[in-house]
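What follows is the residue order along each chain.
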Amino acid sequence: MSMFGQVFVKNNQYKLKGDFHHMTPNMPIRNADDEWKLLGVTNPRAMTYMHSYGGEAVFFESLSQGKLMASRCDNSDCNITGTIYMPFRIHCPDCLAKNSVFDLTDIAKKSATIHTFMECQRSGAFNLLDKPIKFINIEFDGVATILMSYLVVGTPKFGMKVVPIFKTTGPTYTILDLAWVEEGTKEEQLPEGFSF
Amino acid sequence: MITFSKQQLKIPKLQRPVYLVTAGQSKFDRAFPDKRTEELCIDSFTMAAQLLEISPAELKTYIHSCYYGHFADHFGDQLLGESVIHDRLGLDPLGNIGVKTGGATGGSTIWEGMKAVASGYSDCVLVMGWERMDEVPTDEGNFLISCAADKDWESPLGHIYTGYYAVMAQRYWQIFGKSEDSFRRTLAEISVKHHGYARFNPYAQAPMDITVDDVLNSPVVAYPLRALDCCLMSVGAACTILCDEDTAVKLTKNSKNKPLRLWTSAGTHTLRPADRMDMDIPLLPNETADQYKDLGERFPGGDRYPGFTGFLAARVAAHYAYGMAGITDPTEDLDVVELHDAFTISDVQTYEDIGIRPYGEGRTYVESGDCYHTNPNTGQPGKLPSNISGGLIGCMHSVGATGIMQTFEIASHIWNRWEEFHGDENIWNKFNRQKPKDWTNLQVVGAKRGMAISHAGVGSHVTSTILMDPDHLINKDA
Numbered sequence: 000m001s002m003f004g005q006v007f008v009k010n011n012q013y014k015l016k017g018d019f020h021h022m023t024p025n026m027p028i029r030n031a032d033d034e035w036k037l038l039g040v041t042n043p044r045a046m047t048y049m050h051s052y053g054g055e056a057v058f059f060e061s062l063s064q065g066k067l068m069a070s071r072c073d074n075s076d077c078n079i080t081g082t083i084y085m086p087f088r089i090h091c092p093d094c095l096a097k098n099s100v101f102d103l104t105d106i107a108k109k110s111a112t113i114h115t116f117m118e119c120q121r122s123g124a125f126n127l128l129d130k131p132i133k134f135i136n137i138e139f140d141g142v143a144t145i146l147m148s149y150l151v152v153g154t155p156k157f158g159m160k161v162v163p164i165f166k167t168t169g170p171t172y173t174i175l176d177l178a179w180v181e182e183g184t185k186e187e188q189l190p191e192g193f194s195f
Numbered sequence: 000m001i002t003f004s005k006q007q008l009k010i011p012k013l014q015r016p017v018y019l020v021t022a023g024q025s026k027f028d029r030a031f032p033d034k035r036t037e038e039l040c041i042d043s044f045t046m047a048a049q050l051l052e053i054s055p056a057e058l059k060t061y062i063h064s065c066y067y068g069h070f071a072d073h074f075g076d077q078l079l080g081e082s083v084i085h086d087r088l089g090l091d092p093l094g095n096i097g098v099k100t101g102g103a104t105g106g107s108t109i110w111e112g113m114k115a116v117a118s119g120y121s122d123c124v125l126v127m128g129w130e131r132m133d134e135v136p137t138d139e140g141n142f143l144i145s146c147a148a149d150k151d152w153e154s155p156l157g158h159i160y161t162g163y164y165a166v167m168a169q170r171y172w173q174i175f176g177k178s179e180d181s182f183r184r185t186l187a188e189i190s191v192k193h194h195g196y197a198r199f200n201p202y203a204q205a206p207m208d209i210t211v212d213d214v215l216n217s218p219v220v221a222y223p224l225r226a227l228d229c230c231l232m233s234v235g236a237a238c239t240i241l242c243d244e245d246t247a248v249k250l251t252k253n254s255k256n257k258p259l260r261l262w263t264s265a266g267t268h269t270l271r272p273a274d275r276m277d278m279d280i281p282l283l284p285n286e287t288a289d290q291y292k293d294l295g296e297r298f299p300g301g302d303r304y305p306g307f308t309g310f311l312a313a314r315v316a317a318h319y320a321y322g323m324a325g326i327t328d329p330t331e332d333l334d335v336v337e338l339h340d341a342f343t344i345s346d347v348q349t350y351e352d353i354g355i356r357p358y359g360e361g362r363t364y365v366e367s368g369d370c371y372h373t374n375p376n377t378g379q380p381g382k383l384p385s386n387i388s389g390g391l392i393g394c395m396h397s398v399g400a401t402g403i404m405q406t407f408e409i410a411s412h413i414w415n416r417w418e419e420f421h422g423d424e425n426i427w428n429k430f431n432r433q434k435p436k437d438w439t440n441l442q443v444v445g446a447k448r449g450m451a452i453s454h455a456g457v458g459s460h461v462t463s464t465i466l467m468d469p470d471h472l473i474n475k476d477a
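Chains as they are written, first to last, in numbering that gives the first Met the number 0: chain A, 0 to 195; chain B, 0 to 477.
Worth flagging that the hints you see were computed from the coordinates, not collected in a lab. Being a predicted model, the structure only gives us computed values, none of them experimental. Ideal Cβ positions, reconstructed from N, Cα and C, are used throughout, including at glycine. Among the clues, some could well be false.
[Said to hold, decoys possible] Okay, the calculated beta carbon distance ranges per label pair:
(1) B/Cys146 to A/Pro190: 23 to 33 Å
(2) A/Pro190 to B/Arg416: 52 to 62 Å
(3) A/Val100 to B/Leu8: 51 to 61 Å
(4) A/Ala31 to B/Leu8: 56 to 66 Å
(5) A/Asp18 to B/Tyr120: 44 to 54 Å
(6) A/Gly192 to B/Glu38: 43 to 53 Å
(7) B/Pro11 to A/Gly192: 46 to 56 Å
(8) B/Asp76 to A/Pro131: 43 to 53 Å
Generate coordinates for the entire structure from the input sequences, incorporating the hints supplied.
So this is what it looks like as structure tokens:
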């Protein structure tokens, strides 16, 4: 019996358990228009990557705890000191000093508005979101950048107020743990596992 | 507010002139089940030699170093693919290097080759690009393309790159297009034009005789973008040969190809549009700060630059390239352009970024008829025809080859050989494609100067390649 690959870190080393790849045989590709002559071969492969969030780990961990963490340059010698970044940046792009972690949750709840949006009818392989996907790009008071995310309740339009919701039950520890709903949405309208 | 230093914006100066002497390309298609990539690369190299009236073996004796553009290793499941192609072309032990800058890979590869010649490292270089996008099903292909977005912050959102452009399209349409149906129809017109021009190009993958309504009724991919607003997923190869003046004269002595002066520049911006902070619009030589003072009044919401409506990387690439080549007004100084029409919306955005039209007025380049080979409003030649090849929407987007294909197209107009390269029945027959009965010669008559724009991601890398007949330089000291 197989089990999904799982990983933890001990003594700064990855420790692996379970199946990280699945063996499937190569199959010939033949030409139906030319006496089924050989043209090529399939190369099946399923692999599991181990990806470090590094200094952004705090952002992804916080989503599962219902918090939206931004970062801010507090280097007084920097040309753009005080700039707040969402998406979270580990280092200031100007002075390269390490940014301070900054809890943006309350600001997001009060000031998030849609800068632009679209509805996506198609997806690539391995997509986990229901279609159509409502992409939104969100502005916040005092934040220099514009976050890309997705809306799960409401019809998007420019300037619409939205509030963040978090997948605090059964989190994926990915950006999909953060979603948005139209201001005024009730708790019972939220997708399974999400809360304000 | 982001600012740039004088040193950062300094116009590059080449140490000696660089010439493009020939180019070649393979057939482009969605899939080649019967050909390996090396066969397509050899097709393109052989064509480049033929245009010089010499054998591939003789052409190789001139080459000193090689620059290979191949973006997506994961599509072809082959690392060091450059080494495979280099070997199959019989070019060992010459130095070679791979270049990867997403959709701009072709242009960036020319940029690298140009620098090798300009610096004196090599007198003659091969610049070749290819892409193999047919080794996975289309939905997995979309997944692999989406890996060019930020893997933690963007790609998981649908794994579909069109979506990342559609938010730009929505913003542009509502701010600068004022949500007008007429603007949406103008976008559709671009697709009609590019699929239509592809009908006269035997190398092109998607020739179509369609209408604006066909585009507007095509399936929605990511609203407002529909299937016919989007570029192709392609397989194919293209190459060019760059050299110094002495080598250029030798290589072209028996050829109809005239050595063409070449300048390539590059600009970049953040991978995530989310990270693009507000700044003043950097101005091109044909613009003034005054003309943008009321941009936010004319187009409410349009005063955040570059926001989701402009590509700083394209503007910066144009700044460097125009400075190098002496261009002060692209519409007046150039005769033909090939732009990176990954999507109809990005085509319009680019008109503004490179100064063909001011910000907010990109649509008028199409609506005036200036972008056509023959202006449909007047019946006269278009002021600055664009994407006669069919572009990425009608011809191909075999990523590593795209910027080189565009440059080949520009050269074919300046050489006055477009009809020969696109109208020859033998080429149509070789590719098993039917030459249309109404095939039309789209040679831009009298073309002396042109430009190709190569663009990556949602504007992360952009290059500008300018070609000029050396007898028609704008700046003789360039």
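For each hint, the structure was consulted:
no., hint, verdict
1, B/Cys146 to A/Pro190: 23 to 33 Å, "holds (26 Å)"
2, A/Pro190 to B/Arg416: 52 to 62 Å, "holds (60 Å)"
3, A/Val100 to B/Leu8: 51 to 61 Å, "violated (34 Å)"
4, A/Ala31 to B/Leu8: 56 to 66 Å, "holds (58 Å)"
5, A/Asp18 to B/Tyr120: 44 to 54 Å, "holds (49 Å)"
6, A/Gly192 to B/Glu38: 43 to 53 Å, "holds (51 Å)"
7, B/Pro11 to A/Gly192: 46 to 56 Å, "holds (53 Å)"
8, B/Asp76 to A/Pro131: 43 to 53 Å, "violated (32 Å)"
Consistency with the previously given hints fails for numbers 3 and 8, ordered from lowest to highest.
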